[in-house]
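**Student:** One-letter residues, chain by chain:
2 protein chains.
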Amino acid sequence: MRIYYECLPCFVNQTLKAVKTLDEGLRENVLRDSIRALSEIDFSMSPPEMARVIFDMIECHTGPVDHYENIKRKSNEYVMGMLDDLRATIASSADRFESALRLAIAGNIIDFGAKYDFTDDLIHGEVEEAENAPIKPDEIAGLKSEIAKAERILYLGDNAGEIVFDKLFIEELPREKITFAVRGSAIINDALMEDAENVGLTDLLPVISNGAAVPGTILHLCSEKFQQVFAEADLVISKGQGNFETLSDVDKNIYFLLKVKCDVVAKHLNCSLGDFVVRKSGRGAICPPVTLKH
Amino acid sequence: MRIYYECLPCFVNQTLKAVKTLDEGLRENVLRDSIRALSEIDFSMSPPEMARVIFDMIECHTGPVDHYENIKRKSNEYVMGMLDDLRATIASSADRFESALRLAIAGNIIDFGAKYDFTDDLIHGEVEEAENAPIKPDEIAGLKSEIAKAERILYLGDNAGEIVFDKLFIEELPREKITFAVRGSAIINDALMEDAENVGLTDLLPVISNGAAVPGTILHLCSEKFQQVFAEADLVISKGQGNFETLSDVDKNIYFLLKVKCDVVAKHLNCSLGDFVVRKSGRGAICPPVTLKH
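So the sequences go chain by chain: A and B.
Sequential numbering from 0 applies to the first sequence in numbering that gives the first Met the number 0.
Sequential numbering from 0 applies to the second sequence in numbering that gives the first Met the number 0.
Hints listed in this document are in silico derivations from the structure and should not be mistaken for laboratory results.
Because the structure is a prediction, the values reported are computed rather than measured.
Copies of one chain are not kept apart here, so a pair can be met inside one copy or by any two copies together.
Okay, derived cross-link-like pairs now, DSSO-like style, lysine-lysine, Cα gap no bigger than 27 Å in a straight line:
| no. | residue 1 | residue 2 |
| --- | --- | --- |
| 1 | K135 | K251 |
| 2 | K19 | K266 |
| 3 | K266 | K16 |
| 4 | K73 | K19 |
| 5 | K143 | K251 |
Please model the entire structure based on the sequences and the hints provided.
**Tutor:** What follows is the structure, encoded as structure tokens:
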């Protein structure tokens, strides 16, 4: 999915969030440079690729900084604190697979790249919404069937905190055939290897780094090892908007699981802001190129 | 009020809205130039001054264009269609002055410079909220008393559509001592002389142009005639965020009437997003300089 004009204010918001902790003088310089980079944006890139350009610009001034280190730790801890309740929800559901899948999508709300901040109300609201959010039954059945017949599954994680929900979902899956992937290094609140360790995902199944610091999966920027695992997987489970935005045009058997958090992705998926989405790649997922609304 | 970092995404949104009707190629060039101008922003300006810089940039490409001509006409017509109901609301109220004042503030929601689009639900929701929105009683009483004792009142209009609500309020005031001002030429959906004529304001009281194409009132950019009327007024009634942002630091007896439509103005006024505000200039209106949230 390429960048649309409507993505521009969002990039400015991402920059504003990222520079909050910098000293005043530095902050202004970083902001000006990032906005100048935006004026030269390549609209054929995907949004996460541009996010990387902006963070490169920021890190030219600051050196590598994990701007969201505290937030990621707190998100993991917060959702770990919900584990008993979430497990009880799954246990009391009519269909454990579907219940855990829905919660995994709810967890995708923890996204500091989008305009959401993490609040108690937000996350509990999503969990509450998860049970009855409209999701096409044939997509859920399709995913279940693909998981059953796949031999090698690659599960692409998205954000810290969210990966606790992924862990719960993975507990319901044949995890002996699944590899979980995290980002290679810090970018926004995306989950890294340390997050996977902190929430105990590494005790459940093999976790690999994708080798890139991009809030999505841009294959040519990923490590050779990751590219190999990706190529060998006969099913990819892709969490979140960033992975969708970067993989929507890749010819691969992918199931995208996400919470729709911006109008551009909503239009691209032909659905509505806030929707819970389970969508197989290539199955009418991609609408015609989106133009600016008139 | 100066520009804060949090204003930057809003400027990008304003630009996106303004270029919607341009041809694709031109649109991209205008967007890039406007964003480049943003990277060189002077943070000591007020937000409406920067909006003018952006529209100058757009008009370098397009020549003068009234981007909101249709929207302004439709807004005027829409609110004119509500006149009977609004008059009935005022007639059945316990206090005609207060009821009309509250509706005048509700009308300030019609603001395409902020993130709001004009919808039936939005405007009717505001009208409904107007009756009971918390407004400090002493501010309402203070305004009423100032109007009674003033000899020359200047009423600064804001947006098309909104001026119909202003007309209703003015019908409750001693209009023989009031002059109404509109912008000098097209900027966003701000009301011009033709709007004042179309809604019949010019039949009620003298209407003057301020001579400037700014979504606010930057005195040194206004015509000499306007500056003289401003100087001679012993009370200024100022509608909307743009007039507040440009006049909040001016030493003058001003009552600001507005609907709070962004977090920056909310912090500056020490109130909340969505509040109905009646605030006398210099009376604790201005908080200490706002810094970026951490």
